[in-house]
Amino acid sequence: MAKPKVATTSLAGCFGCHMSILDIDERILKLVELVDFDKSPIDDIKKFTGRCAVGLIEGGCCNEENVEVLRSFREHCDVLISLGDCAIMGGIPALRNTIPLQECYDEAYLNGPTVHNPSRQIPNDPELPLLLHKVYPCHEVVKIDYHLAGCPPPADTIWEALVALLTNKPVALPYELVKYD
Amino acid sequence: MSDNLPAVVHEICQAHGGDRTRLMDIVRAMQQKFGCVSGPAMELLAKELSIHRVEIESLVSFYSFLSTRPKGQVVIRLCNDVIDQMAGADEVARAFEEELGIKFGQTTPDGKISLEYTACIGMCDQVPAALVNDVVVTELSTDAARRIVRELRKHGDPTRLVTRHGDGCNGHELVRAMVMNNIRQRGSIIFTPTNRGEAIRKALAITPAEVIRAVKTARLRGRGGAGFPTGMKWEFTRAAGGEQRCVLCNADEGEPGTFKDRVLLTEMPDRVFAGMTIAGYAIGADEGILYLRGEYAYLRAYLEQILAKRRQDNLLGNNILGKRAFKFDLRIQMGAGAYICGEETALISSCEGLRGDPKNRPPFPAQKGYLGRPTVVNNVETLCCVTKILEEGPATFAEFGSQGSTGTKLLSISGDCRSRGVFEVPFGIKLSEVLKLAGGEDAIAVQVGGASGQMVAREEFNRTICYDDLATGGSLMVFGPERNVLEVADKFMAFFVEESCGYCTPCRVGNVLLKDRLERITAGCGEPADLEYLQELGTTVKTMSRCGLGQTSANPILTTLKNFRATYNALVKKRGDGRQPAFDLAAAVAEAETIIGRKSTHAHA
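Chains A and B, in that order, are what the protein sequence lines are. Heads up: the first sequence begins at 1 in this note's numbering, then just goes up one per residue. Heads up: the second sequence begins at 1 in this note's numbering, then just goes up one per residue.
Check the hints yourself; a few may be wrong.
If you anchor each label on the Cβ, the simulated ranges turn out as follows [said to hold, decoys possible]:
#1 A7/B / E103/A: 41 to 47 Å
#2 E43/B / E65/A: 48 to 54 Å
#3 Q403/B / A172/A: 47 to 53 Å
Worth flagging that the hints you see were computed from the coordinates, not collected in a lab. The beta carbon of each residue, even a glycine, is placed where N, CA and C say it ideally should be.
Isolated chain B (complex conformation):
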């Protein structure tokens, strides 16, 4: 390996034009080839790209799919989000450990297999799930885990673990995944037959300003969750100065419990790419990037083929559909396991070959985004809507949904319900109706909008899914009567502690403190003052954090405090002795007792 390292580094860098902004692809290629990006490799890369080594190291250390030390040839990444755990991921984890003879975070002595945990991989409708390198394995049992290990020991080829294929394009020769689409309800916008090329043809027949007007007339708002009016975003970007503009599609679907973009990319990729092309025409951009999360790498070859086909058919490239002077093409940027990259400015950083650190706003991406160019960042589902709006006209689109929230919304429903999967529902639908559709009527709580969303209690199930009430990117996690909502909140906090980029103190430190205090309460050591503390600190983290992650990370605690106050109140009690009940003197001296060989006189008095 060491002999040909310089040659391989040179070759990989050359394949990416020696372009520093393509560092993500370059180090991903290194990781794939060598199982790590080693110190010597970083030195060589730095020289080759004329940058400092620390720039590479800071990137490699940031993403969980990259490492400076060698991992096994096969890496098993078991998803440990709350939905997976409810379905027995912990037992599966033990089975992996026993069969491999190693703990999580370790590699087998022969260097063949590494075992790790990972955050939500977008498979909450088929849990427990894991990634074996790029291969997704779903609905795991302890038996399945043991079988996987035995097979990998035998042939070492993750692709051979897939014995059955999922429905629809999951069976496509370039996908070959056991992933199921689980489309439970088709609505009138997204899951409808499409005439490939029609939307672009119609867009190109009118002026870019008219395209933007159509999107505005449809009152389309962003489907990622924040709900910014898409037409307005495009208008700002078009109006911003500069020669080059860019269209980014955010397919870094990392919000726990969300998986609808996975299904769209599997079944509707042409609609997504058409949406990007139309956005490019509208804002005057000739390049686009689909930012695909590392967990969805199994879709990459398939998507590349769709792109190639579109280029062949003149739906991408120069003079698209004969429109003179309109060119647009796009590339796929792979992520490498970082939730924060779903935040648009962090996503831009990642595309530029940097750590996925969020950037300060303003300037907003519409003014200064990817490589300083005016940039629109749209969600996968938003772009599908754009295509539909151009196909059938804005009036038809706005017929669905409610006044402030037109169209339909894809919901990713998981947890304690009979029917898990993707539901296309009109905006304005009541949460209780959604639960009926999914067979989750006996739920005691629903987490709407993923970990960063809100925990809604039974009393509020008559609220509606729309931007003015329960705004959501689509994640609905259903919790049945036997679940403990505070335990769920604690798991979400663990997720945020792990995924915080660490840049700003309120988020880096605040989330840890929030989690500690919550655990003190669930352990029965809490006092009423602890609830005030949580409220106060949660509000600080929310208001003082730099980006969307920290601004929403306290939500699991703040919304349960609001909606499940009785659960908290039952756990805390006032104490008069002024001591901290969480401090255990006997436990704190136990180690010294063993070392010194006598009992403490204070602890056991």
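Looking at chain A on its own, in the form it has when it is part of the complex:
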């Protein structure tokens, strides 16, 4: 029987959650026995090759491309997990949600203290995704099945959750893995 597949992505995140995935250390060898990776920065596969058992989403949605990627994850994955605080509630990127979008663009491309932009143009290449008016947590864009909190969630938490899901066991994380104070 083919191994189940896992896909991962980082939307409006810092890749910290992906670093935490790597923090499972040598257990990654065990994980490779359990699963194949599909679309993911880990193996650099850009497009889904088929149906996936689990999708791990890092980061919320700050632009139109994030939305598209997230929607395709929802389409291709049986179980979708919001991984870490940015996916769950927008996190640091969502700090801009109280600031008008025009000011955000201006600060980034025109007025910021380290900006050098003699042409005074805001970059406008069609390749650059348009920003959403605010940063959305993933579950406001598509249905999310599980939330793994933390900034980032500890490697052990990710490991236990993944193994439980992939071996059809209930995701019952012990208190130590979900307490953050």
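Since the structure of chain A is provided, determine the placement of chain B on it from the hints.
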């Protein structure tokens, strides 16, 4: 203003004995004089009262009638509860905005007039209504709104807006309000002729324990809605240790749709004060406080005069009616626009000069209430009942009503019915009979017990008004066939979001989430799972909140889910794509499209 500020602050504080617990009165006086309680004023007050500035600021920021920034000399507060809106409050609102040239929440550039919304002001039987400073204006039309603005521009005196007076004591020289009593049905307990002083005389002829026994024999239960046995409450308070005890009368009638206490205070104030005096005698208290909601400030001078008259006639003060060693007096504590202060522990906080935050229970007020003293808090109507029980004896009282709910109940009926106003009915009456009395037979729903009560569907109109079935503080809002019950529930949720004190998370956050999800459903973006979500979250808010507000705030949703399930089911549908239908990509990128100047390739694919 700034020159004499220290002098005025000193004077106001001195007038209240420099007493920190009278902070509500002190800042109300400041607000009245200066149109705000400014930063410098707070500094001075803090120094004068030897407290921290933050204690004053936290109080001022809590109450909606107080502000740190100046408001207009005249503040128009239009009631925006659901009954007012059904009667066209939105059109009236537009008329105010147009005529004033400002939006709600703003002040005219000349600093003369501010325009605000406010929650239920206790005038649901004469909607739409508004407060202009302390003056109540009722049955507003767009024309009336424009006229009010024009007149205020001319003379700036809200009292001159009142051209006709309401019935009964609304025409009293110290009231002069256009408010109508609208007493539609008089029963055998409350709206009966009274012999002033008789109840107190009879009470003083027996021992306090016997007074409590009489109240217990009458099986009187609290009229505010919760229905706690009054005699038992008094007994606990009397038994609690401590030198001083206190009687509080809860006249913070803020539950949307309730206005019967307004009528009692207008027409039966002597009965209320007699009830307080008798309670004082029974529990061994020598002081009482009537907590009058800020919205009823127009009754204050009148009530003060009644109190003065009672003092003159030896019905208040020392050796009342010649009874040696029994003294009792009371003062009026004004509120300042906070629904939560109707919750008894929040009311106590407010009387103590604090934010209207609820307190933890236990200890209950009966053990440790106002300033740590054993305290009874009774509803206005309950105290009227007490007076009647002493006048005519407990047996006569218990003849009316049902076994578990003796006496009569005042109902405040508003909404889609022909006859709106106050009805005194015996407990045990069927809801359908009440609707017949009020001319609301074609109702599809009745909200019983105010926003925090329950939405009852037609199929259940045979239920009865009593503590064992439909318990209510008296608010009955009638909704006719053309109304949408989910829209009504949504308005109630908006009310709770606004009025939550913010202390505990289930209430502060939970109500916002409930409202959002309800709106998602009414917008046609709901799924069956959303109904489960509402049920689950509603139950969490109900069970985890700290005080009565949060424990009942989910009711508009929970009771409509139960009684109007078909309405919800018709709005939700299952979707297979796993997307959140409420998320609109095109709308989310629209702003960036304008800024960047090109269309999104994703949103319009």
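Do the hints match the structure? See the list:
Taking 41 to 47 Å as the suggested C-beta distance range, the pair A7/B and E103/A conforms, at roughly 45 Å. In this structure, E43/B and E65/A meet the distance hint of 48 to 54 Å, their C-beta atoms being roughly 53 Å apart. For Q403/B and A172/A, the Cβ-Cβ distance of about 51 Å falls inside the hinted range of 47 to 53 Å, so the restraint holds.
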